[in-house]
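Listed below are the residues making up each chain.
There are 2 protein chains.
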Amino acid sequence: MLTTTDPRTGTVTDTVLDATAPEQTDAVVRAAQAAFDELATRDRGWRAGLLDALADALDADRAALVEVADRETGLGPARLDGEVSRAAFQFRLFAEAVREGGYLEAAIDHGGQTALGPAPEIRRLLVPIGPVAVFGSSNFPFAFSVAGGDTASALAGGNPVVLKAHSSHLETSARSFAVLSAAASAYGAPDGVLGIVYGTGAGGALVSHPLVRAVGFTGSLGGGQALMDLIARRDEPIPFYGELSSLNPLVITPGAAAARGGEIADGLFGSFTLGSGQFCTKPGIAFVPNGADGDALVAHLVERTTDAAASVLLNARIATSFDEIRDRLVADGAVELLARGGSGADAAGAAAGFTAAGFTAAPTVLGVAARDITAEVAEEAFGPLVVVARYDTDADIFVALDAVPDSLTATVHSEPAEADAVNALVARLAPRVGRLVFDGYPTGVRVSWAQHHGGPWPATNSQHTSVGVSAIRRFLRPLAYQDAPESVLPAELRDDFRGIPRRVDGVLQLA
Amino acid sequence: MLTTTDPRTGTVTDTVLDATAPEQTDAVVRAAQAAFDELATRDRGWRAGLLDALADALDADRAALVEVADRETGLGPARLDGEVSRAAFQFRLFAEAVREGGYLEAAIDHGGQTALGPAPEIRRLLVPIGPVAVFGSSNFPFAFSVAGGDTASALAGGNPVVLKAHSSHLETSARSFAVLSAAASAYGAPDGVLGIVYGTGAGGALVSHPLVRAVGFTGSLGGGQALMDLIARRDEPIPFYGELSSLNPLVITPGAAAARGGEIADGLFGSFTLGSGQFCTKPGIAFVPNGADGDALVAHLVERTTDAAASVLLNARIATSFDEIRDRLVADGAVELLARGGSGADAAGAAAGFTAAGFTAAPTVLGVAARDITAEVAEEAFGPLVVVARYDTDADIFVALDAVPDSLTATVHSEPAEADAVNALVARLAPRVGRLVFDGYPTGVRVSWAQHHGGPWPATNSQHTSVGVSAIRRFLRPLAYQDAPESVLPAELRDDFRGIPRRVDGVLQLA
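As given, the protein sequences belong to chains A and B, one line each in that order. If you're matching positions, the first sequence starts at 0 in numbering that gives the first Met the number 0 and goes up one per residue. If you're matching positions, the second sequence starts at 0 in numbering that gives the first Met the number 0 and goes up one per residue.
Calculated directly from the structure, the hints in this document are not laboratory data. Any given hint might turn out to be false.
Taking CB as the label site, the calculated pair distances span [unchecked claim]: (1) B/A181 with A/A231: 37 to 43 Å; (2) A/G111 with B/A368: 36 to 42 Å; (3) A/E485 with B/A177: 46 to 52 Å; (4) A/E485 with B/A181: 45 to 51 Å; (5) B/A225 with A/R493: 55 to 61 Å; (6) B/E262 with A/A20: 53 to 59 Å; (7) B/G111 with A/D55: 36 to 42 Å.
Just so it is clear, the structure is predicted and the values come from calculations on it, not from any experiment. The beta carbon of each residue, even a glycine, is placed where N, CA and C say it ideally should be.
Let the sequences and hints guide you as you build the complete structure.
In C-alpha cells, the structure reads:
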C-alpha cells in the first residue's frame with residue numbers, strides 16, 4: 000500500500016494506492032506497444048491536435064489539480080497554478096513544433112552521378128522509437144511529472160508514454176493521469192497511449208522491460224544511478240535521459256558588487272529560496288569578491304536570510320538530507336554558518352498552515368574561501384541553502400570550479416566595463432555548464448524553442464535536454480528510404496510535398 | 000609487440016609496433032584535451048579548411064596507403080583505392096557542412112512578454128564536447144578507421160580525436176595517422192588534435208579515461224559489449240556510439256521472383272560476396288517465395304555460388320568464426336547446404352596471390368523454411384554467406400523477423416503491381432531497421448547529407464549514425480546564453496549575423 004504525506008503537517012493523506020504488480024506493469028507496457036503500432040497510422044496534424052487536447056484538459060481541471068498538488072507538495076497554490084500553465088504551455092508548444100515539422104529533419108538526396116560514382120536516391124526523416132518510460136520528479140508535480148515535458152515531447156514524437164508516479168505526490172499523479180487519459184480517449188487516441196505505474200518495484204520493472212525504448216528521469220543522482228544500473232543489465236541497451244544534480248555557480252564580479260551589491264543580494268536570496276530551494280537550477284554557490292563591496296553584499300544577504308521564515312520541503316527524505324548536509328558541513332568546520340533563518344518559523348509556519356511535524360527547512364547561508372572549496376563542501380543541498388565563496392582573483396574561482404562537479408547553469412553578474420574579464424570567465428565556465436546566465440538568476444527556466452536544460456555530468460548524462468522543443472529529439476531515430484517508390488514514402492518525403500522545412504541535395508529549404 | 004598478418008599468405012608482415020603503455024595513453028589524451036582548448040579559439044572557416052587539408056593529404060598519399068592496406072587486408076587495390084576516395088570525400092563533405100553551419104542548430108528566442116509572463120532572451124547553439132575515442136574497424140581500413148567517418152565528424156564538430164588502431168591493419172593505421180597528422184600540423188592545427196594508440200589494453204584505457212567524452216566504434220557485438228562494460232564502470236558515463244551486428248533481411252516478392260528472378264539472383268550474389276561478405280550491410284537472409292519462380296531464382300544463385308572461387312578474409316579470427324558458424328548450422332541440420340563455392344579456389348587463389356595458409360572463405364548458400372528460422376540460424380556469419388529462407392505468405396516472413404535480431408537495413412524487391420502488399424511489408428520492416436532499400440542491395444552505402452547508418456539494437460545502440468552529415472550530432476552538445484551581452488556571444492548567435500540557417504523566435508530562417 001502506498002501513501003503520501005502532507006508536508007506541512009506530516010500527516011498521511013487519505014489517498015491509498017496499490018503498488019503496481021509486475022504482471023500489471025507488463026500489461027501496461029504491452030498496451031503501450033499496441034498503441035505505438037496504432038499511432039503510426041495517424042498523421043502529424045492528428046498528433047498536434049492530441050497535444051492541444053491534453054493542454055486544454057489540464058486547463059479545465061486546473062483548480063482540482065492545484066488543490067491536490069498543494070496538499071501533497073506544500074508548494075502553494077500560486078506556484079502550482081503557474082506550473083499547470085507551464086505544463087499546458089509545453090503541450091501546446093510541442094503541438095506547434097509538430098505542425099511546423101522541422102523536428103523531422105527531413106532530407107532528400109536525389110540519385111545520380113556523384114564524386115564517388117553513381118549513387119542511389121536517399122530520403123530520410125526521424126521516426127518515433129516506441130514506448131517511453133517517464134519518471135515523475137518530486138519538485139515539479141506538473142511540469143516534470145505525469146503532465147510534464149518528457150511526456151509532452153515523447154508523445155509529440157509519436158511515442159506512447161508509461162509514467163512512473165513520484166512517490167511523494169501519488170494522488171496528483173493519479174489525477175493528472177486521469178485528466179490526460181480521459182482527454183486522449185475523447186480525442187480518439189488508442190488505449191495505451193498513456194499508462195502509469197506506482198511504486199519503486201514497478202519503476203524498476205519498467206526500465207527493465209524489453210519493449211521500453213527510452214527512459215526520461217528527473218531526480219537525484221542516486222536514483223538516476225540505480226536506474227542506469229538496471230539499464231546496463233538489460234539485454235538491449237536503451238538511452239537514459241537523466242537530469243540529476245547541479246550546483247549552478249553564480250559569480251559576482253567586483254564591478255557588479257560595487258554597482259549593485261544590495262540588488263544582487265536580494266535577487267540571490269529570492270533565487271536560492273524560491274520553491275524552498277528545491278530547483279535543479281538553484282544557485283548553490285555564489286562567488287563574491289573579498290573587500291568592502293563584497294562584505295556589504297554578503298551582509299545584506301545574511302540579513303535577508305536571518306529574517307526569513309522557515310519554509311516547507313517536499314518530503315521527509317529531502318528534509319532529512321537537507322539537515323544532514325548542512326549540519327555536517329558546519330560541524331566539519333569546512334564552512335562558516337553565516338545566516339540561518341527560521342526564527343519566525345513557528346508564527347510564519349502556522350500562518351502558512353504547517354506544523355512542527357511538517358518538513359521544514361530554515362534558509363541558510365554558509366561561508367567559505369573559494370580556494371578552500373572541496374567536492375564535499377559543494378555537495379548539492381536540495382533546499383534553501385547557498386554557499387558564499389569569497390575570492391580575491393578569478394584564479395581563486397577557477398580553483399574552486401576544478402574542485403566541484405559540473406552544472407546545468409552558471410551565472411555571471413558584471414558591469415559593461417568588465418567585458419574582457421567576463422569573456423575570460425565565460426571561456427572557463429562554458430565547458431562546465433549547459434546554460435550561461437547574465438545578470439539574472441538560473442531559476443525560472445523559460446520554455447521556448449531555443450531553450451535547453453542539460454549540462455555535463457552529473458547535471459545530465461546526455462547531450463540532450465528535457466526542456467524546450469529540441470527535447471523531442473531524444474525520442475526519435477532516423478529512418479532512410481533508398482530508391483523507394485513514392486507510394487511507400489511518408490508524405491513529408493515526397494517530391495511534391497512542401498509543408499515542412501527539408502534539406503534537398505544538401506540545401507535547406509523552407510516550407 | 001604487435002604484428003599484422005598478410006591474409007593472403009598467413010605470413011606475419013614486417014611491421015612491428017609496440018603496444019601503447021598506459022602512461023602513454025594518458026599523455027595522448029591529455030594532449031587531446033589541450034588541443035580542445037586551443038581549437039575553441041579557431042572559427043568554423045578554419046576548421047573546414049583543416050578538413051579539406053586532411054582530404055587532400057589522403058589523396059596525395061593514395062598509392063602508398065592502398066599498397067600497405069592491400070598487404071594487411073587483402074581487399075584488393077581497386078576496392079581500397081575507392082575507399083581512399085570515400086574517406087577523402089567524407090572529410091570534404093563535413094567541410095561543406097561546417098561552412099554551411101546548419102549543424103549548429105542555432106536558435107534565438109528574444110526576450111519579452113510570453114504566455115507565461117515576462118521571459119529572458121535565450122540563444123543556443125551546439126558546441127563540441129571534448130576528446131573523442133574512435134576505434135578503427137577491421138573491414139574498412141580507411142572509411143571506418145583512422146581516416147574514417149567517426150574521425151571526420153568528430154573533428155568537424157571541433158573535437159580532438161584519439162584513435163585506437165585496429166589490430167589487423169596496424170601499418171595502414173600508422174600510415175593513415177602519419178599522413179593526417181602531418182597535414183594537420185602543416186595547416187597549423189594544435190598538437191594533439193589527432194592522437195593514436197595501439198593494443199587492446201590501450202583501447203580499454205582510452206574508454207576509461209576521464210577526459211574522453213564519447214566513443215565511436217564499428218565492430219563486433221562482443222567487442223562493443225566489452226567497451227560498454229568498461230564505460231558502465233566509469234565515474235562519469237559517456238555516450239558509446241556502436242555499429243555492431245546486422246543481418247539485413249532481403250525480401251523478394253512473388254512478382255519480383257517471376258519478373259526478374261535471374262537478375263535478382265545475380266545481384267544478390269554480387270552483394271553477399273562483395274568484399275568477401277565483410278560488410279555490416281551484407282544481406283544475410285534472403286526471403287524467396289516457394290514455387291517455380293523462387294526455385295529458379297535459388298537455382299541461379301546456387302549455380303553462381305558453386306562456380307565462384309574462394310576469397311580472402313581479413314584475419315584469422317574472422318576466418319575461424321566464419322567456418323565455425325557455417326559448419327555448426329549445417330551439422331545441426333537446422334539448415335540445408337545449398338551451395339558452396341571455392342572448388343576453383345586453388346587456381347583462383349593462386350592467381351590472386353593467396354595461399355592455402357591464408358584466410359579463405361568459400362561463398363556459401365544455406366537454405367531453410369522461413370517459419371523454421373531461429374536466432375541461432377540467423378547468427379551473423381561475417382563473410383560470404385547468405386541464408387535463403389523460403390516462404391508461402393508474408394506471415395511466414397513476419398514469423399521469421401520476430402525470431403531474429405533487428406538490422407541496419409531491409410531490402411524489398413517487388414513489382415509495381417504489388418504496391419499494397421509492399422506497403423504492408425514495409426510497415427512491418429520499418430520498425431526493425433534504419434534503412435529501407437527498394438529493388439537494390441544494401442551494400443554500397445552512399446555518403447551524403449540524407450544518408451544515415453543506424454538501426455535498432457544490435458545494429459547500433461544509438462539513435463545516431465556514423466555515416467552522413469548528421470553523424471556530427473553525436474559529438475556536440477547544446478549551450479544556451481541567457482540575456483548575454485553581445486560581446487560574449489559567438490558570432491553565429493549575434494543579431495546581425497546572417498551566415499547560417501537559424502531558428503529565430505520559432506521561425507526557421509535561411510542564411
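We went through each hint and held it up to the structure:
For the pair B/A181 and A/A231, the supplied restraint of 37 to 43 Å holds, since their beta-carbon distance comes to about 41 Å. Between A/G111 and B/A368, the C-beta spacing of about 41 Å keeps the proposed range 36 to 42 Å intact. One distance hint, 46 to 52 Å for the beta-carbon pair A/E485 and B/A177, holds here, with the actual separation near 49 Å. Checking the proposed 45 to 51 Å range against A/E485 and B/A181 shows it holds: the Cβ atoms sit about 49 Å from each other.
With their beta carbons about 44 Å apart, B/A225 and A/R493 fall outside the hinted range of 55 to 61 Å. B/E262 and A/A20 have their C-beta atoms about 56 Å apart, which keeps the hinted 53 to 59 Å range intact. Restraint check, B/G111 to A/D55: a C-beta distance of roughly 25 Å breaks the suggested window 36 to 42 Å.
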